[in-house]
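Generate coordinates for the entire structure from the input sequences, incorporating the hints supplied.
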Amino acid sequence: MSEEFEPNIVAFLCNWCSYAGADLAGTSRMHYLPNVKIIRVMCSGRVNPLFLVNALQQGADGVLISGCHPGDCHYLEGNFFARRRFTLMRNLMEHVGVDPGRVNMSWVSASEGAKFQDVVAEVVEKAKEAGPMDQFRRRQLNW
Amino acid sequence: MVDNKTLQNKAREVISRDDVRRLIGWKRGTFGFEAAPAVIKDPSGADDLIFDATCVNNLASFITLEEKPPVPRGEEPDTRKTAIMVKGCDSRAIVLQLVEKAYERDDVIVLGIPCSGVIDRRKAREMFGDVAGAVEATCEGDKLVCEVGGEKKEVDRKELVMDKCLRCRYPNPVISDELLGDEVEKFADDDFSDVAEFAKKSPADKWAFWDEQFSKCVRCYSCRSVCPMCYCVECVVTNLRPQWTRRSTDISENTAYHLQRAWHLSGRCIECNECERVCPVDIPIMTLNRRMTRDVKELFDYEPGVDVETEPLLASFNPQDPEEFIM
Ligand code: FES
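As given, the protein sequences belong to chains D and W, one line each in that order. When the count follows my numbering, it moves up by one through the first sequence with no breaks and lands on 143 for the last residue. When the count follows my numbering, it moves up by one through the second sequence with no breaks and lands on 1327 for the last residue.
Treat the hints loosely; a few may be bogus.
What the hints assert, rightly or not - Pulled a few chain W residues facing chain D out of the computed Cβ check, cut under 7 Å:
(1) A1134
(2) D1295
(3) E1323
To be verified - Not close to chain W: a few residues of chain D, all C-beta gaps over 12 Å, as computed:
(4) T27
(5) R40
(6) F86
(7) M93
Simulated from the structure, these hints should not be mistaken for laboratory data. This one's a predicted model, so the numbers in the text were calculated from it and none came from an experiment. Idealized CB from N, CA, C, for every residue including glycine.
Below is the structure:
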């Protein structure tokens, strides 16, 4: 394969901060890498860690969960719960041998378009390093 | 260790009470090194009950297993209590179930039994081979006296008990209405050296290990069914809508299943080792759970199932939780 590997990143962004942050990046014409596929959720506390397993199964090479800064969550404490969950889930993934660079989390507020750009660049970089996710991706059945 | 006469008398006394519906304990198994769970509903059943080193089963899962069909019109639901015998590790399951409000404290009568280790059937099999009849095993100091096929054999306790017992911090029940027998000394402290050892492997080695282990899985869901903490009426792995894992047994779905299982038990595993014991294909499931236990302890200074007053780990937070990996 001569082409460079382009990872698939699934990003779960909370509606109130990170999604607006990504939007700001867009409206201010900052270029962020197109590898990232954004899924809008109402709060980072909405993201079930099983989403992450499912995303990796279905073709993602990396996952990003992003929410408001601690203390700024629209629902007051959703991101605190999310932080605990993903700390543990990331460790569990690492324990079974999934590259920890595939599981990322960030705090991006609605005014941090530039930070969103950087975060995406870093996530893509890490996923490129880790290579294609082939450990437990679903095999397509060929009937 | 409590002698069987005291235990049976106590059981008879408890089950005779008007407000007790059933008592869950152990009786002699039919073969090998494992006792069988017994649910007794009237005093006559009490004579079968025993406790010795073969009583491995964690009976706490039976409290929540009972199916509760709707009560016919005009009838009152049966609100009588369940009495249950617990070892040290089993009692932690009760505590955690109470923390999670699976039932009320008043719904159960806990008969605690200090335990000095239970036999690992895999180790026993290596030592004695297949045994036809049921084995009796009593603890005498540092020795286990096993009666195998009418013959008495003395074995060093450390060689035959489960690994979890070698690092057991709670051999005495942490919750009990009545304590049968004298309290015992714990073997040792848990230093999580096995987890640290595994963590040294490279990611590729780790995956190679788990790839092999998860490929063996036949998805019988025994580990889930036996787990005292897996008592959801509807389980995420059998749900069809949404379907989180497909039912095929390939490496992808198996890994997803095991990650789900371990994840749902993070901060909730009380280390009774039941999942690993019942696994028909010998997957080292506790290796996953132990890692979670260690992390929970190190990161959040939390130990599940020791205090009824605490909140469940993932239903609470501390604003100062570590967040090194967050960008
Ligand atoms: S609303 Fe943004 S993290 Fe909760």
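Is the interface hint for A1134(W) satisfied, with its Cβ closer than 7 Å to some Cβ of chain D? Constraint on A1134(W) not satisfied, violated at 38 Å.
Return the status of the interface hint for D1295(W): holds when the least beta-carbon distance to chain D is below 7 Å, violated otherwise. 5 Å, holds
Interface hint status, E1323(W) versus chain D (Cβ within 7 Å): 6 Å, holds
Say whether it holds or is violated: M93(D) keeps its Cβ farther than 12 Å from all Cβ of chain W. 7 Å, violated
Does F86(D) clear chain W by more than 12 Å, comparing its Cβ with all Cβ atoms of that chain? 8 Å, violated
Report holds if the minimum CB distance from T27(D) to chain W is greater than 12 Å, and violated otherwise. 22 Å, holds
Decide, holds or violated, for the assertion that all CB atoms of chain W are farther than 12 Å from the CB of R40(D). The claim stands: R40(D) keeps its Cβ more than 12 Å from every Cβ of chain W (closest is about 18 Å).
Hint compliance for this structure: hints 1, 6 and 7 are not met, and every other hint is.
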